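Please take these sequences and the hints and turn them into a complete structure.
From first to last, the protein sequence lines are chains F and P.
At the far end of the first sequence sits residue 51, using the numbering used here, and the numbering has no gaps.
At the far end of the second sequence sits residue 607, using the numbering used here, and the numbering has no gaps.
Treat the hints as calculated values from the structure; they're not laboratory data.
As the structure is a prediction and not an experimental result, all values here were calculated from the model.
Treat each hint with caution, since some may be false.
Said to hold, decoys possible - Subject to a maximum C-alpha distance of 20 Å in a straight line, what follows is the list of computed SDA-like cross-link-like pairs (lysine to any residue):
1. K317(P) to M8(F)
2. K421(P) to G228(P)
3. K477(P) to Y500(P)
4. K489(P) to V45(F)
5. K598(P) to G124(P)
6. K231(P) to V27(F)
7. K544(P) to K570(P)
8. K224(P) to K477(P)
9. K317(P) to V27(F)
10. K234(P) to R26(F)
11. K489(P) to P32(F)
12. K234(P) to E41(F)
13. K234(P) to T256(P)
14. K477(P) to G138(P)
15. K33(F) to V63(P)
16. K234(P) to V27(F)
17. K489(P) to S316(P)
18. K227(P) to D44(F)
19. K287(P) to G124(P)
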Amino acid sequence: MNTTALIMMVITQGLVIAITGYFFYRVLTTPPKQEPDSYSENDDVEERQEE
Amino acid sequence: MTQKVEAWGTRVGLILAMAGNAVGLGNFLRFPVQAVQNGGGAFMIPYLICFLLMGIPLLFIEWSSGRYGGKFGNHSTPYILDTMAKGRVWKYIGVFGIFTNIAVVSYYVYIESWAFSYVYHSIIGTFQGLNQGQVAAFFNSYVDVRHSLTGIPYEAVVFYVLVLGLNTYVLSKGIKGVEKVAKIGMPLLILFGVILAIRGLTLGTSGASDLFPNANAWDGLNFLWTPQFDSLTNPKVWLAAAGQIFFTLSVGMGTIHCYAAYVRSKDDIALNAVSAGFMNEFVEVVLGSMIVIPIAAGYLGLDWVLENAGFGMAFQTMPYLFQQFGTVLAAFAGVLWFGLLFFAGITSSLAMGTPWVSFLKDEFNWSNSKGAWSFGLLTLLVGLPTVYFYQQGVFDEYDYWAGTVSLVVFALLETILFSWIFGINKGWREINYGADIKVPLIYKFIIKYITPLLLLFVFVGALFTPQGNDWIANINSLFSGNGWALDNASIIKQLTQAGLKEQLALTTDPLIIEQLNDKMFFANLARMILLTLFIFIGLMVYFAFLKRRKEGRATL
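Structure, rendered in structure tokens:
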């Protein structure tokens with residue numbers, strides 16, 4: 001590959017991978033809202049119930 | 052209203068389902084071809100700018116409109132739009148959000164069934180020992196439903212019905228079923244894509260042969276990624292980039308609204324929207340660019356790719372290229388490639404089925420199962436002509452009117468509704484309510500002014516596509532008083548079938564005249580089917596309105 005193409009590819013793909021990774025990290029680490037929320041799988045988790 | 056409120060199982064499940072909706076065959080087939088046809092590396096800059104200025108704003112608009120409509124128990128665009136503005140017309144504009152899905156899924160499932168069938172053929176070794184021409188001929192015979200290649204009568208129809216049945220079954224399980232498929236399908240798709248991308252990245256010159264001694268995978272990557280900044284001033288490249296962003300994100304369809312309508316109003320949509328959007332970009336920009344083009348350039352050379360780049364490469368060329376890996380690896384690569392296309396397809400087709408099922412559930416209290424089977428039946432009725440008359444152009448006609456024009460029209464109207472009628476201040480509050488990220492304030496300005504203008508640019512560009520798609524020459528011609536010559540690909544010329552009429556006027560061969568007349572007949576037939584479908588869904592919305600009025604729930 002020529003250098004400019006390689007730089008362009010690495011920068012573009014690197015940016016896309018980094019931003020995608022960052023947003024997924026945020027999704028996975030943001031604490032869920034108190035129940036009732038939109039997601040049913042944790043409906044019965046005690047500490048998530050509204051007081 | 053609704054029998055029981057459905058909900059997504061997990062947040063990751065919702066994002067995977069949304070990403071699965073967006074990730075489709077176009078990520079692997081349309082994107083690299085668009086890039087090749089629009090100056091390679093030059094395409095990437097307008098593409099990414101359009102993603103930020105049109106793609107992300109449209110995702111915000113559709114997610115927040117969907118969640119807003121969901122608050123009132125509406126899960127499909129006719130009544131989501133109805134809750135956002137006064138006036139009876141909006142629910143009929145919302146018909147686009149069901150019509151497009153049924154029309155597109157009817158032929159999309161056909162492509163999905165090709166992928167499914169090609170997985171089977173890769174495993175049983177159908178392509179072993181075939182040369183490039185024979186592999187391409189196999190596809191042409193496959194879509195000619197009267198001929199059987201494997202002893203299965205009407206094989207293309209059988210696989211179509213089978214795949215449609217599978218979609219119907221999953222839809223009958225409600226959004227939980229859709230979520231399960233996304234949770235399995237998306238990780239597998241990425242895994243398959245990564246394996247094939249590594250092959251594309253490492254092939255180099257090892258695929259060169261006596262027939263193609265200059266074949267080099269790096270040439271394909273060079274062409275895709277070498278920036279050519281002079282192309283940035285060409286409107287054609289910008290239109291192609293905007294069009295690709297539009298189709299890759301599955302915006303303007305009504306599917307995002309439907310999925311988002313199952314999100315409660317206090318839950319985040321802003322972070323979810325960008326996560327799903329960027330996941331689609333990862334699949335497209337990272338994986339989509341490293342499979343078809345480099346592998347094809349690695350075995351057939353860049354010149355061949357530039358001449359032949361097109362949708363057909365997936366089914367007419369890739370099986371032949373995989374044969375160069377050796378018997379066992381060819382079967383393995385075939386399963387990965389067509390399995391990847393199948394998963395990309397089914398996660399999108401399920402999304403397209405959901406608005407119809409949700410509409411019947413909301414308005415007529417139908418169960419998931421009843422709604423799903425009615426979807427299967429309706430899709431079969433609309434889709435069978437694309438299977439039987441694929442070679443006569445019914446498929447292309449559906450793709451043009453439902454899969455292209457309809458999306459742009461709906462996206463333009465919904466953006467105007469959101470920014471100017473519902474109001475950007477109210478809209479901005481909706482986007483930010485419960486948000487887990489801070490959306491930059493500049494997006495308020497972009498959504499109100501830039502995105503509608505860009506969409507208008509895309510629509511007008513399609514309506515008045517200049518001859519030869521040469522914008523610069525036509526703009527010069529217009530300013531020098533020589534007028535604006537329309538291309539036969541423009542919406543106006545397509546509407547009047549000008550291209551076919553021109554061909555008819557130029558030929559005297561009775562056989563070609565008969566073929567062209569047939570093509571015109573089938574194009575008209577396809578249009579009639581689409582129009583009937585639109586009117587049918589419009590009538591369903593009208594009946595729902597009458598029912599709501601009787602129950603005192605209708606809005607004015």
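Hints versus structure:
A distance of roughly 40 Å separates the Cα atoms of K317(P) and M8(F); the hinted pair therefore is violated under the 20 Å criterion. For a cut-off of 20 Å, the pair hint linking K421(P) to G228(P) stands: about 15 Å separates their Cα positions. Pair hint K477(P) plus Y500(P) holds up; C-alpha atoms about 16 Å apart against a cutoff of 20 Å. This hinted pair does not check out: K489(P) and V45(F) have alpha carbons roughly 28 Å apart, beyond 20 Å.
A hinted pair counts as satisfied when its Cα atoms are at most 20 Å apart, and K598(P) with G124(P) qualifies at roughly 15 Å. The suggested pairing of K231(P) with V27(F) holds, with an alpha-carbon distance near 19 Å, which does not exceed 20 Å. Pair hint K544(P) plus K570(P) holds up; C-alpha atoms about 16 Å apart against a cutoff of 20 Å. Under the criterion of a C-alpha separation no larger than 20 Å, the hint pairing K224(P) with K477(P) is inconsistent with the structure, at around 35 Å.
Taking the CA atoms of K317(P) and V27(F), the gap is near 16 Å; set against the 20 Å cutoff, the hint holds. At most 20 Å may separate the alpha-carbon atoms for a hinted pair to count; K234(P) and R26(F) meet this at roughly 19 Å. Distance restraint check for K489(P) and P32(F): the Cα-Cα separation of roughly 17 Å lies within the 20 Å cut-off, and the hinted pair is therefore satisfied. As the CA atoms of K234(P) and E41(F) are separated by approximately 14 Å, the hinted pair is consistent with the 20 Å bound.
Taking the CA atoms of K234(P) and T256(P), the gap is near 37 Å; set against the 20 Å cutoff, the hint is violated. Note on K477(P) and G138(P): the hinted pairing holds, with a Cα-Cα distance of about 18 Å set against a maximum of 20 Å. Proximity of K33(F) to V63(P) is assessed by CA-CA distance (about 14 Å); at most 20 Å being required, the pair is judged to hold. Using a Cα cut-off of 20 Å, the hinted pair K234(P) and V27(F) holds, with the two alpha carbons roughly 16 Å apart.
Of the pairs offered as hints, the one joining K489(P) and S316(P) holds, with about 17 Å between alpha carbons and a cut-off of 20 Å not exceeded. Restraint check: the Cα-Cα separation between K227(P) and D44(F) comes to about 18 Å, which is no more than 20 Å; the hinted pair holds. Taking the CA atoms of K287(P) and G124(P), the gap is near 42 Å; set against the 20 Å cutoff, the hint is violated.
Of the numbered hints stated above, those contradicted by the structure are hints 1, 4, 8, 13 and 19, listed in ascending order.
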